[in-house]
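Asker: Based on these hints, arrange chain B on the given structure of chain A.
2 protein chains.
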Amino acid sequence: MNIFVFIFSLLISLAAFLLAGWLYSWVKKQESNNQKINNIAELIRSGANTFLRKEYIILAKFALILAIIIFIFLPEPIWKGNILDNITITFAYIFGTIFSAFAGKIGMFVATIANKKTAEAAVKGIRESFLSGFRGGAVMGMSVVGASLLGVTLVFYITGNATMILGFSFGASSLALFAKAGGGIFTKTADISADLVGKVELGIAEDDPRNPAVIADNVGDNVGDVAGMGADLFDSHVASLAAALVMGSAIDIASGSHNTTTVFIYASLGLLASIIGIMFAKMGKSNNPTRALNLSTYITTGIFTVLTALATWIFSLEWRIYGAAITGLLVGVIIGITTDYFTNDDKAPVRNVAKASKSGPALTIISGTSYGFLSVLPAMIGIAVSAFVAYKITAPLGTGYALFGISMAAVGMLSIVGMIISNDAYGPIVDNARGLAEMGGLGEDVIRITDELDSAGNTVKAVTKGFAIGAAGLTVISLLGAFISEVNTAAIKLDLPLITGFDIMDPAVFFGLLIGAAVPAVFSAMLMLGVTKNAERMVKEIHRQFDEIPGLVEGKEGVLPESDKCIEIATTGALKELIPAGLFTIIITVVVGIFGGVYAIGGFLTGNIVSGLLLALFMSNSGGLWDNGKKYIEAGNFGGKGSDAHKAAVVGDTVGDPYKDTAGPSINTQITVVSLIASLLSVIFLTMSIF
Amino acid sequence: MNIFVFIFSLLISLAAFLLAGWLYSWVKKQESNNQKINNIAELIRSGANTFLRKEYIILAKFALILAIIIFIFLPEPIWKGNILDNITITFAYIFGTIFSAFAGKIGMFVATIANKKTAEAAVKGIRESFLSGFRGGAVMGMSVVGASLLGVTLVFYITGNATMILGFSFGASSLALFAKAGGGIFTKTADISADLVGKVELGIAEDDPRNPAVIADNVGDNVGDVAGMGADLFDSHVASLAAALVMGSAIDIASGSHNTTTVFIYASLGLLASIIGIMFAKMGKSNNPTRALNLSTYITTGIFTVLTALATWIFSLEWRIYGAAITGLLVGVIIGITTDYFTNDDKAPVRNVAKASKSGPALTIISGTSYGFLSVLPAMIGIAVSAFVAYKITAPLGTGYALFGISMAAVGMLSIVGMIISNDAYGPIVDNARGLAEMGGLGEDVIRITDELDSAGNTVKAVTKGFAIGAAGLTVISLLGAFISEVNTAAIKLDLPLITGFDIMDPAVFFGLLIGAAVPAVFSAMLMLGVTKNAERMVKEIHRQFDEIPGLVEGKEGVLPESDKCIEIATTGALKELIPAGLFTIIITVVVGIFGGVYAIGGFLTGNIVSGLLLALFMSNSGGLWDNGKKYIEAGNFGGKGSDAHKAAVVGDTVGDPYKDTAGPSINTQITVVSLIASLLSVIFLTMSIF
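Protein sequences, first through last, are from chains A and B.
Going left to right, the first sequence walks through residues 1 to 691 as the working numbering numbers them.
Going left to right, the second sequence walks through residues 1 to 691 as the working numbering numbers them.
Just chain A, same shape as in the assembly (with noise of 0.2 Å):
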């Protein structure tokens, strides 16, 4: 790696850790003021930390479980290979939870602090008040970014060999995938029994402070939404970087080119777009929340395309790489316009949806479902079409290019993932102030503005999910790529014969197939009925203290619900019901893989990567549909609040809470965490193998 390249890198990821702490210091010095709001805002920092603890003691326990594994048998079991490696992929994995859980923490810690100086700032204007949460949401996007870039760039810096990034991009999925999980399970637990007995049973607001869930709820929205999916895209950002590197450094090492100099220039490019963007962020004067975070993303996209041009220009980098690249930054602004169709209200889906609820909850589930399936062909298209573009424009290069440009189309497609993060923060941090601001009381002008600026982050995030959704299929593609690289790594030292791809007519790779569609669906089932299991013990708890604490329904003066026990109950069924789907997902990976070898691993990442997207778009599609179908009626249409139709559409929003927040986006991380089991355990699966 090109010393110049380095010292860049390490520049632009502290860049972004300053801008990080700038944004902090400004968001710290906003006023906070009203000591109701501090009181609660601080309840739910305290049960959003408190969980962070509980779950981090048990991932740490995990993690280290798996690192003594990963000692004993990476890259090659510790008796047959060099020690020296098994102890620098220990490392390398160890360092990459650490780089994970500290970007999760960063982001939880900034947002339970932003949450109530956003609340507060709307009382002077919905400007003061956006830019509270959008710099909130900022910490995140720097933290992580800044923090996948310098980890990578240490790691392959100090080893010089990119299946070390496959250790440390194993790291941090393997937190992910539990963090995103638990998260999940916590936050929609929370948020399904608030609702299911706060709205539906009783019909009191969304953020009443009579409901012991209500805390709860908030301390969910920052344990899933930030902390979960600040590592969900530190994950994915990490994966789509290893995943280049392995490609890159293999084609460098056989023939001296300096593709690994490129995707290090690319990246750092990108977040240096991401760190302008997001120091001219605003709100414009038409007052219009979701304009302003769409238009940071357009100029961070611009900014990269002409900034990586001029690098490719004055380098004499390759024109071919730059297009593969951009293909993917294209096709993720595409796929992110036609997710937001299926998800605005000011379109048909979400429209019909609506109208559909007038005939009650059945049918809003059914036409829901049905938008939800349509919404996956736009994006599997436009996942398709990129792979294809990428492939064919780089295949002229040169052997191993033609995989090395799909790779480099997800590096595009997530390179301002910096903004994408911070865009998706800002989300549960308006949410918060929302809640905070109606049981702090401040009035109904207030409110309404944070309402506007929660529905802008909805809006939002279904785009951002889009975006997420396809830079991991990308990825994960050319995770397919970097395994087969890998195997022949192995396979050359081992005098085997070379993998040249994965033949569907082979049975092995049929039957791995088949079973490998199978695992995201019993994947994402066994976190859902984590979420249901909880939430009937939630919602058990929550009709007790209405029964048993005098005052609390009528809404007492000086009568608290007891908040403490929804968290502990969150919390508690999180943690337990997170670890058998994530073990599940491992272990299925590592039968198959000692069953079938390497090419039924070959079918098996393949079906899972393409069950695992339509899943993953289904499910978050829908999700956002149904939630923005019942702002809809909210706002006054089909009957408005209280309606008939307003019930069933909150039937359909419970529905799509767990597809979109828990299932949904967990999927990403799951393909990833498998595709990064394939690789590591390649030698295994190529010489231990069964059949």
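If you're looking for bench data, these hints aren't it; they were derived computationally from the structure.
Just so it is clear, CB atoms sit at the ideal spot from N, CA and C, and this is done for glycine as well.
There could be a bad hint or two in this list.
Stated by the list, open to error - Now the stretches of chain B that chain A is said to cover, found in silico as 3 or more residues with beta-carbon under 8 Å:
hint	segment
1	339 to 348
2	391 to 404
3	479 to 490
4	513 to 520
5	534 to 540
6	609 to 617
Answerer: Only chain B this time, still in chain A's reference frame:
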């Protein structure tokens, strides 16, 4: 083809028809003296006939257009190939559509007589009633499989060319696609509307004669579940034979073996086993209808196993092929049993969903969806293992045998389809009988008997559906083999390079894979949206009737609802909605083939199979689970009828209706159609593709 085998196949087909004729006359001889029931049955019969007539008129036009296109382009464009081939395949196609229509028509004809006989027989006792229902269904089973074997035998004997069987099979499939979709939309429009207004809004009983949609609902049972299902299984059976014959004859031509003979022997013996099983089916002393139905399935399975072993021994056929066929059959039974676990109300999933319903409809949906996703795993593993085992068992026989082995596993799994259809058609007949008993006022005892028969029908239906999906899975995997075989036959003629397989790392294959995976989702969505739109119209009409017809709500003597209006809405809507979904499927296949060529189509088929199996299993099983969850609560658990849990369970059941009876089973046909189109257009995709 051996003349003795030809005659044997013909004789067995004729025996099936003879048995069907005898069963029909037996059913017709049963008593039906209740004038009220006869009148209602007449309404159902005429409604069903009206729908089928209108549907067939549209389908005839559609088939004619397709026939012209086939004549011009298949197997090769008319200006390039031998015109005689084009004429032959066109006739084979038309022949296929006619046979398919005939099979659906016969089944429905008998079902609309058997329903009233079964209702009246219930006055005598459960055993008499069971026999009427079962024998009515068996007429369908025998006609469908008799027609399938007869058609395939004739086409193959006359043309001596397996490609022509693909034409016949495509005729059956293209008709089944629309018949299943149209019938499915019809039946669920009526069912959902009847439930939404009757059960949910007014709280009246399932088949209350005041409800204007009740007759339409009963008509739907016949056009969707009987005629549509018959067309579907006819199509699967023909397709499995077509795939086996295409690959078997390729081997026969290359090596002078007699594999096509084996196919006919096994298929004929499967039908013979079903004939014997049906003749001896009756209810034992236990008076347990579920056991009676399952027992006859197991007996048929046993007879087939013994008969084919004898034939293999006497005629010195390959034992390895026998092994493949029996593997398929056994796995079919295993898939049936695991499906039963997820949909049987004795087991945990149904009970947990019923329990979750206590917390409202949202948890009913989330938990049911989760178990539906879980249920996918055993079936996918079953299909994967049987394909793998069949491949490995037969591969040592020589080139081409491995894929032929998979097709023989499909033939084995579908060998007892005559029995399966009989069991399946029994369901809607007793469902209708239950409605007639209620509307005809036959009293509580009789309704209880028909309820018991109906519940057995539901349990068995879930099992047979698992069976049908498993078989479709194996069939389409072998159609993938048939596709390669067709492409290579053409490639040899045109002196183009042969295809040995589809490499996932080939960008065209991956491109096709992703798009193919989206197709079943979009197809299902279009059908379900059709149901939603249609149901909205019908709900409006029911409301109008209750508002405008004096005395209807009160149930005043002599006041009848205008049932025909509901039938009219369901008919018009279904016919309008079925075309786009079918056309979408056909067109996207052609577009991908023209753009991406044979490799993209290989990926496309694979993606389609994988996601099609996933979604079909998910939707069929979750639908069955919700249905039985509701019944479990109605049996007095968790508050019983009228409780909140019951209301929530009704929402689940309503969502499950289009899942299990419209979209789920139609996907089967959809993947078969796509596979057949690919094989038929192989020459065009090989020579005319853009990339």
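Asker: Hints broken by the structure, by number, lowest first?
Answerer: 1
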